[in-house]
Every structure is written in structure tokens, then in C-alpha cells.
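Line by line, the protein sequences are chains A and B. Per the numbering used here, the first sequence starts with residue 1, numbered consecutively. Per the numbering used here, the second sequence starts with residue 1, numbered consecutively.
In short, the hints are calculated from the structure, not lab data. Owing to the predicted nature of the structure, the values given are computational and were not obtained by experimental measurement. Incorrect hints may have been included.
Unchecked claim - Taking lysine to any residue pairs in the SDA-like style, the calculated list, with each CA pair at most 20 Å apart, reads:
hint, chain 1, residue 1, chain 2, residue 2
1, A, LYS147, A, LEU168
2, A, LYS61, B, GLY251
3, A, LYS222, B, ASN50
4, A, LYS172, A, SER33
5, A, LYS211, A, ASP34
6, A, LYS211, B, ASP77
7, A, LYS268, B, GLY362
8, B, LYS386, A, GLU112
9, B, LYS211, B, LEU177
10, B, LYS160, A, GLN19
11, A, LYS107, B, LYS268
12, A, LYS147, A, LYS222
13, B, LYS198, A, ARG118
14, A, LYS268, B, ASP77
15, B, LYS172, B, GLY229
16, A, LYS61, B, LEU177
17, B, LYS2, A, GLN48
18, A, LYS236, A, TRP202
19, B, LYS268, B, GLY251
20, B, LYS198, A, THR114
21, B, LYS236, B, LYS268
22, B, LYS368, A, GLY297
23, A, LYS107, B, GLU192
24, A, LYS160, B, THR21
Stated by the list, open to error - Derived contacts from chain B toward chain A, CB cut-off under 7 Å, selection only:
hint, residue
25, GLN26
26, GLY286
27, ILE313
The beta carbon of each residue, even a glycine, is placed where N, CA and C say it ideally should be.
Protein chains: 2
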Amino acid sequence: MKPTYAELLTIGDEILFGQITDTNSQWMSQQLSDIGIKVIRKTSVGDQVNEILNAFAEAEKRADVILITGGLGPTSDDLTKPCLSQYFNSPLVMNEEALQEVTAFFKSRGRELTELNRQQAALPAACEKITNPVGTAPGMWFDRGNKIFMSMPGVPHEMKRMMRDHVLPRLKNKFELPVIHHQVIRTIGQGESFLAEKIANWEKALPEHIKLAYLPSLGEVKLRLTCYGESLEKLKEEANHQTQLLIDRIGSYIYGYGEDPIEVAIGKLLSEKNLTLSIAESCTGGNVSRMITSVPGSSAYFQGSIIPYSYEIKMAQLGIKPETLQEYGAVSEQTIAEMATNVRTRFHTNIGMATSGIAGPGGATPEKPVGTVWIAYADEQRVITKKLQLSTERHLNIQLASMAVLNLIRLGIKERK
Amino acid sequence: MKPTYAELLTIGDEILFGQITDTNSQWMSQQLSDIGIKVIRKTSVGDQVNEILNAFAEAEKRADVILITGGLGPTSDDLTKPCLSQYFNSPLVMNEEALQEVTAFFKSRGRELTELNRQQAALPAACEKITNPVGTAPGMWFDRGNKIFMSMPGVPHEMKRMMRDHVLPRLKNKFELPVIHHQVIRTIGQGESFLAEKIANWEKALPEHIKLAYLPSLGEVKLRLTCYGESLEKLKEEANHQTQLLIDRIGSYIYGYGEDPIEVAIGKLLSEKNLTLSIAESCTGGNVSRMITSVPGSSAYFQGSIIPYSYEIKMAQLGIKPETLQEYGAVSEQTIAEMATNVRTRFHTNIGMATSGIAGPGGATPEKPVGTVWIAYADEQRVITKKLQLSTERHLNIQLASMAVLNLIRLGIKERK
Numbered sequence: 001m002k003p004t005y006a007e008l009l010t011i012g013d014e015i016l017f018g019q020i021t022d023t024n025s026q027w028m029s030q031q032l033s034d035i036g037i038k039v040i041r042k043t044s045v046g047d048q049v050n051e052i053l054n055a056f057a058e059a060e061k062r063a064d065v066i067l068i069t070g071g072l073g074p075t076s077d078d079l080t081k082p083c084l085s086q087y088f089n090s091p092l093v094m095n096e097e098a099l100q101e102v103t104a105f106f107k108s109r110g111r112e113l114t115e116l117n118r119q120q121a122a123l124p125a126a127c128e129k130i131t132n133p134v135g136t137a138p139g140m141w142f143d144r145g146n147k148i149f150m151s152m153p154g155v156p157h158e159m160k161r162m163m164r165d166h167v168l169p170r171l172k173n174k175f176e177l178p179v180i181h182h183q184v185i186r187t188i189g190q191g192e193s194f195l196a197e198k199i200a201n202w203e204k205a206l207p208e209h210i211k212l213a214y215l216p217s218l219g220e221v222k223l224r225l226t227c228y229g230e231s232l233e234k235l236k237e238e239a240n241h242q243t244q245l246l247i248d249r250i251g252s253y254i255y256g257y258g259e260d261p262i263e264v265a266i267g268k269l270l271s272e273k274n275l276t277l278s279i280a281e282s283c284t285g286g287n288v289s290r291m292i293t294s295v296p297g298s299s300a301y302f303q304g305s306i307i308p309y310s311y312e313i314k315m316a317q318l319g320i321k322p323e324t325l326q327e328y329g330a331v332s333e334q335t336i337a338e339m340a341t342n343v344r345t346r347f348h349t350n351i352g353m354a355t356s357g358i359a360g361p362g363g364a365t366p367e368k369p370v371g372t373v374w375i376a377y378a379d380e381q382r383v384i385t386k387k388l389q390l391s392t393e394r395h396l397n398i399q400l401a402s403m404a405v406l407n408l409i410r411l412g413i414k415e416r417k
Numbered sequence: 001m002k003p004t005y006a007e008l009l010t011i012g013d014e015i016l017f018g019q020i021t022d023t024n025s026q027w028m029s030q031q032l033s034d035i036g037i038k039v040i041r042k043t044s045v046g047d048q049v050n051e052i053l054n055a056f057a058e059a060e061k062r063a064d065v066i067l068i069t070g071g072l073g074p075t076s077d078d079l080t081k082p083c084l085s086q087y088f089n090s091p092l093v094m095n096e097e098a099l100q101e102v103t104a105f106f107k108s109r110g111r112e113l114t115e116l117n118r119q120q121a122a123l124p125a126a127c128e129k130i131t132n133p134v135g136t137a138p139g140m141w142f143d144r145g146n147k148i149f150m151s152m153p154g155v156p157h158e159m160k161r162m163m164r165d166h167v168l169p170r171l172k173n174k175f176e177l178p179v180i181h182h183q184v185i186r187t188i189g190q191g192e193s194f195l196a197e198k199i200a201n202w203e204k205a206l207p208e209h210i211k212l213a214y215l216p217s218l219g220e221v222k223l224r225l226t227c228y229g230e231s232l233e234k235l236k237e238e239a240n241h242q243t244q245l246l247i248d249r250i251g252s253y254i255y256g257y258g259e260d261p262i263e264v265a266i267g268k269l270l271s272e273k274n275l276t277l278s279i280a281e282s283c284t285g286g287n288v289s290r291m292i293t294s295v296p297g298s299s300a301y302f303q304g305s306i307i308p309y310s311y312e313i314k315m316a317q318l319g320i321k322p323e324t325l326q327e328y329g330a331v332s333e334q335t336i337a338e339m340a341t342n343v344r345t346r347f348h349t350n351i352g353m354a355t356s357g358i359a360g361p362g363g364a365t366p367e368k369p370v371g372t373v374w375i376a377y378a379d380e381q382r383v384i385t386k387k388l389q390l391s392t393e394r395h396l397n398i399q400l401a402s403m404a405v406l407n408l409i410r411l412g413i414k415e416r417k
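Please model the entire structure based on the sequences and the hints provided.
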């Protein structure tokens, strides 16, 4: 089987000049890799006609699939569409369906369709229009001589929607791709090197056609098995077998599999056990609640939170005893235990969680340096408290503490009688 | 003056396959842009000799400066050095100074120098060694026929140290560079095409040496002026003059300049006017509080929030009247006004904000489709309510509503007597 190669091409001065971070191409690489298409090059060029046309021609020589993002806005510095029109020698024609879609898009938002936006519906005659249900610029799919050019908006959620709904299925259909099975095992609470030591022997014994990758991110490590073969069924069996061996070794750190992040796993646990949750978050400032409520349907188990950022609010709205705050301070085991217990009682939930810490850069003392964080879990029977010593960076402390709290919910529920 | 062009080249399968995010090239672009070197292309290739050699040759045709990162590790899949050796037809020779440095580096960490690491000190004879004080792979500076090739490690802090201490000063010395001044004007509350129409005449009248770029992101649009010239002072004056003309046209949407996002601008406004803030956020689920508290020192003006995710909590913890909820529902002007007013009173703050809406996918009714959101501002004198009709996607609704609330804080404070 001939391998299928892809090149990713981003267009726009804003990426070349470093004004925005390109998060698109990493995501696209992963998606292509998952279906067996190999990315051989990534190229970024600016808003210049010659540069763009050269990049098209070079990419077409190297790759079977050229995925283009950016340069589709309505303004005069957006050149992708005129360049594609020139490259494919195909004039722009008003696409009636696209026009209806962009008109409806504006109408649904109560906004007037401007002439600039109307022109976004004019597309090269040679392309197939790909619907953009979450934005104004349609995608364009060009198929010539077994080479695919696909142009998408640079806005990440618009691009992702188009990739998932249209581009990936079309590519799978168009090219003969190898059989690949990925299995992602999601762990929380330990770092990459700790896990690597725990599973070293297992990793060494993996068969040649199964590869392991560590994908660490803030507060968690994903393990990805990539299995190459002939029969998807057989690969799935093998992946499940290997996963079972992993569970024997590091099962207590595994919170889930596949795409679902920890907040979704927590949501499932709470729903299954018919439990409700409330949170008193101080140093995390709303981030834990944001994660919990990012999950559709979370209102079934999440009752609400209080963010008591000052001493006054901790006392008046959460009933923390003034003596506790005075004697031990806000960042202490005594206060965190009261916070978790009180929010649980006041919000009438099964579980109450709490965070309090020195996120930094201010607020530190010699005994409580930046990164000192207390978290707590409370239910009908008990209170679990935990002290964390995190980093010196505010945003890291907020994120890492949030992940630790979500893990503590998981552990608390698991050990619940 | 002839412009100086740069190309950024990253080498390594881990970037092509999407296993790591490339944060280097954004930073490098900004640094080069700041000293007047224009990045005309970014290229990523994998660990393959032919791909790397081709990329070198192509880059040398296009650019004056080729900055290479990655592929300098000690293992056999690290190919940048052998490829440079081949490309410059220059054999590897042990560099005694580099050997001393890598030996000292290992000694200082109490580690044994392996043969693999020793070989990291062998460099092509044609290059100048650039010290790497924080890692084991030295940089390599090649200067031929007015083209500069500079190879650096892919580890971000090693690359940054090398760029700051050696590469940028050398480039400034080597090339005659223009004077450039950037000015970023940050707007909120209107889309790119609305702004583009409002400032079309102004944009058309911009002098040739001042360029405008639109940088839209969720809920805001940044306008960047890039001014080219001879005298920095004069460029700053011109940028300020053009900014003044922009203020005349779209001043009410401008919330700030430069690097600070809206949550920082709000924080400054609140601090300056000595005002305190509390929030009752329902549909945004903690996201507004998270943004407010992401700012160091926010505890000076932010008292806290309540996230009343259920009817019960809205009534019990926020004092929303049962009649209001029953008659108008949680997503209504009546409820949102009570929420903002009550959180302000209960938390004893100058300003109280509130959000309530159908984030989706569930919870919609024919009269209140997904994306219907009410937001409110309350202070000592008045309550402002606003209805938004956003998108069909939960995470977008949360983000866009959050940006709208932050903008409403700004507008409320501005109009405050």
C-alpha cells in the first residue's frame, strides 16, 4: 500500500509575525496521524500572492493532501480564496447555498449582512463548498488528479468542526489508508517518569507493531497505544489486552479512556451514583466550576459554587468561623475542612469540595510560600484534606490545583461506602 | 534599504506528528519582527536527511537568515548536525571549547559524560560555536555569502537564551535593519467586518509605510499598526496620531492598547476608581470569575462570586424571589436584574454582575433557544440588563457571554456618575 502524505499550509502574516499561536496544526497532525495519513511538512506563509502561489505548487509536488488554514476573512488582506481561484484557473462565482448559509448565520445573530460578508459566499467554480455551520467563511474542497486541496478558516473551532464533519471522512473515503487502531489511556496524579518506571517491563515486552507514546499535559499524562496491522478487530483485542496489563500496574491512576477529560469522567461518576456536588473555591477562582460546567448536562449533578475571595465573604457567605481564620489563616487544614463541610451543608449536596491557597505572586509568607494550596473533599461521612506544594507561577498553580481537586473528587467517590 | 528576510525551520518528527506544540517559532517571530527582520516563511520537516537538505536549499534561496531549531539531540534520529556538515561540505571536528563546556555541564549536575554526549561537541569546521550555558548541544553559526544559517536546540529555554545572548545581537550587527514600531489597539463588542466598514476611509488613507492588520479572536478584535521608517520617535508620533484618528471613529469599542487583555483592563479600571466587584454567574459557570482572578492582585477589587446553578441555590443562596423564577424563568430580564442586584448587596460591593442563559445543548425552549443569554450590571444607582443571542455551541456561548460581561463592566463603569 502506497503511503498517503499530507502537507499543512497556514496562511497569514499574524502567524509569521508571531501575533498568534498556531494551535491548529498540532491538532490537525494528530487527526491525520490517527487515520493513517503521514504529515511530511508544515509550511506557513504570509499574506502575499506570490508566496502563497509558490507554496501551493511546492506542496502539490510533495503531498497528496494539502490542508490550508487561514486567509479566508472578509477583508482585503485575506488572499487564500483569490489565490486558489488563480491557481486552479477557476473564477469566483456566487454560491447560492453558501449565500443562504451566511445570510442565515447573520440573521440568527440579529446582525446585518454586510457586502464584505456577502462576498464570502463567492467561491471558485472548481471547488466543492464545505459548510461552515459556526462561522461565515465556507470551506473549499478541490480534487484534481488525485491531489486534494482543502481550504479552511483559521479560527480553531471552525476548522475543527469542518475537519471532523467533512474533511476526515472524505479523506478516508478518497485514499486507501492502512489499518491503525489507537487506544488512549488517561492517568492523573503522577508524572511521566514515575509512570515510565512503573511500566518499564511491560513497555519493553510490547510487540513490534504496537507503539507507546507518553502525552503529558498539565496535571495528567495520557498513554497512547498505536497498533498497526491488517484487521481492526484483532488490533482492538490486542489493545484491550495490553490495557488490561496496564491496569494491573497503574490502575489507581487511570481515570478513563479515549477523548473524555477528567471533568467528563467526574460527571459520569456523579451521575451513575446519583450524587450532587458543590464547591467553595478560593485560590482557583472559578476554574474548577468552569471545568465542571463545561460538560453538557452538568446541571444534573452540579448545584453551584461559592467563590469566597475575601475573608469577609468566607465568613458571611460560607460561615467560616472567625476564630479559625484568625488562628490558622485562610490557607490551612482547619479552614479548608470548614469550607468543604460548609458548602456541602449550605448547598444541600452529597459532596462538597474546597480550595484555598497562595496562587501568587503576592500573599506569600515564610511558612506559606507561593504554590502552597489546601484542597478538601467532604461527604456525609468524612472529610479528606490534602496539602499541595505547586509552582511559583500563578496560572500553573490555578491549573494544577484544579486538576488535583478533580482527582480528589474521583478518589473520594471511589472510597465512599 | 533592502529588507532582511528570515525563514524559521523546525526539524523533528515530534512536531510533524503533533506530539508537541511548537511554541518556539511564535516567540522567534516576535523577536525578529521587533528588530526589523521580516519572517517570510516557517517550515517544519521530519527526521529525514533528504527533507532536511531540501529545506536548507529552498530556505537559502528565499531568505537572508535561516534559523533552525531541533534535531540536535545525541541520538541517531537527530540529523540536523550531520545534514549541516553535508550541506556546507564541512567535516565534523571536535571543538575543544565545546567539549570543555559539555564536560563541565555534566559535572555540575553530578552526571557521567557519555560517549554520545561527548560527540555533541564535534561541530562542522565551517561554523562558529555558540555557547549553550543551559544545555548540552552547542549552537552553530554559519556565515557564507551574506546568508546566515543558525542552528539551535529545540528546547525552548535553551533556544531563548541563545537568541537573546548571541543571535539577535549578531543579526543586528550583521544586517542594516529598518526602524519598526508596532502599536496594538484592542477592541471589544463588534466583529471584524463591522469595524472594517467603520474605518474603511481611514484605512485607505493610511500612508504607505504604515500597515494595518486585523487580529480577531473570540469576542474581540485587535488592530495592529506596523510602522516602518528611519526614526523611532517619529514613528511613535505617527502611530499615536493614527490611533487618535481611530479613537474618533471607533473609540467606544477600544478598551486598551498593547499586551493587556480585557480582564487586566477591567482590573485597572476598578483599581483606579477604587471599586469592588462581585458576580453571580449561572450559565458562564465560573468562567468570568476565573478570568477576573487570573490577574495577579485581583483580590484588591474582587470580593467573590456565587455560581447558582440550580433554582434552589438561586433562591436560597442569592435570594431570588420564587415568584420571579416561576413567572419569568431563570433566563429572563427580571431574574438577571435580581441576580446582579442581590449579589452586589449580599457581597457588599460597588458593582454586581450576573449571567444567566441557555448554554446548550439542553434546556432550550421555542422562546429561548440555545444561545439565549441575559447579562446584567448593577451599581449603587442603576441596573443595566442586556440580552445576547449567541451560538449553538456550549463552549462558545460560555466564552462569548464572558467577554460580553467583561465589556459590560467596562461600559457600566465608564457611564457611572
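Here is what the structure says about each hint:
1. A:LYS147 - A:LEU168: Between LYS147 of chain A and LEU168 of chain A the Cα gap is close to 15 Å, so the pair holds against 20 Å.
2. A:LYS61 - B:GLY251: 48 Å, violated
3. A:LYS222 - B:ASN50: 33 Å, violated
4. A:LYS172 - A:SER33: 12 Å, holds
5. A:LYS211 - A:ASP34: Holds: LYS211 of chain A and ASP34 of chain A sit about 13 Å apart, inside 20 Å.
6. A:LYS211 - B:ASP77: 17 Å, holds
7. A:LYS268 - B:GLY362: Roughly 17 Å between the alpha carbons, so the hint for LYS268 of chain A and GLY362 of chain B holds.
8. B:LYS386 - A:GLU112: Given pair LYS386 of chain B, GLU112 of chain A holds - Cα atoms ~19 Å apart, limit 20 Å.
9. B:LYS211 - B:LEU177: 18 Å, holds
10. B:LYS160 - A:GLN19: 17 Å, holds
11. A:LYS107 - B:LYS268: This hinted pair is violated, its Cα atoms lying about 36 Å apart.
12. A:LYS147 - A:LYS222: Answer violated: LYS147 of chain A to LYS222 of chain A is near 34 Å, above 20 Å.
13. B:LYS198 - A:ARG118: 17 Å, holds
14. A:LYS268 - B:ASP77: Answer violated: LYS268 of chain A to ASP77 of chain B is near 43 Å, above 20 Å.
15. B:LYS172 - B:GLY229: Cα-Cα ~16 Å, so holds.
16. A:LYS61 - B:LEU177: At roughly 35 Å apart (the allowed maximum being 20 Å), LEU177 of chain B and LYS61 of chain A break the hint.
17. B:LYS2 - A:GLN48: The hint holds at about 18 Å.
18. A:LYS236 - A:TRP202: With Cα atoms ~18 Å apart, LYS236 of chain A and TRP202 of chain A stay inside 20 Å; holds.
19. B:LYS268 - B:GLY251: 18 Å, holds
20. B:LYS198 - A:THR114: 12 Å, holds
21. B:LYS236 - B:LYS268: 24 Å, violated
22. B:LYS368 - A:GLY297: Given pair LYS368 of chain B, GLY297 of chain A holds - Cα atoms ~17 Å apart, limit 20 Å.
23. A:LYS107 - B:GLU192: Holds: LYS107 of chain A and GLU192 of chain B sit about 17 Å apart, inside 20 Å.
24. A:LYS160 - B:THR21: 17 Å, holds
25. GLN26: 5 Å, holds
26. GLY286: Hint on GLY286 of chain B: holds, closest Cβ of chain A at ~3 Å, below 7 Å.
27. ILE313: Given a least distance of 4 Å, the restraint on ILE313 of chain B holds.
The structure does not agree with the numbered hints 2, 3, 11, 12, 14, 16 and 21 stated previously, though it agrees with the rest.
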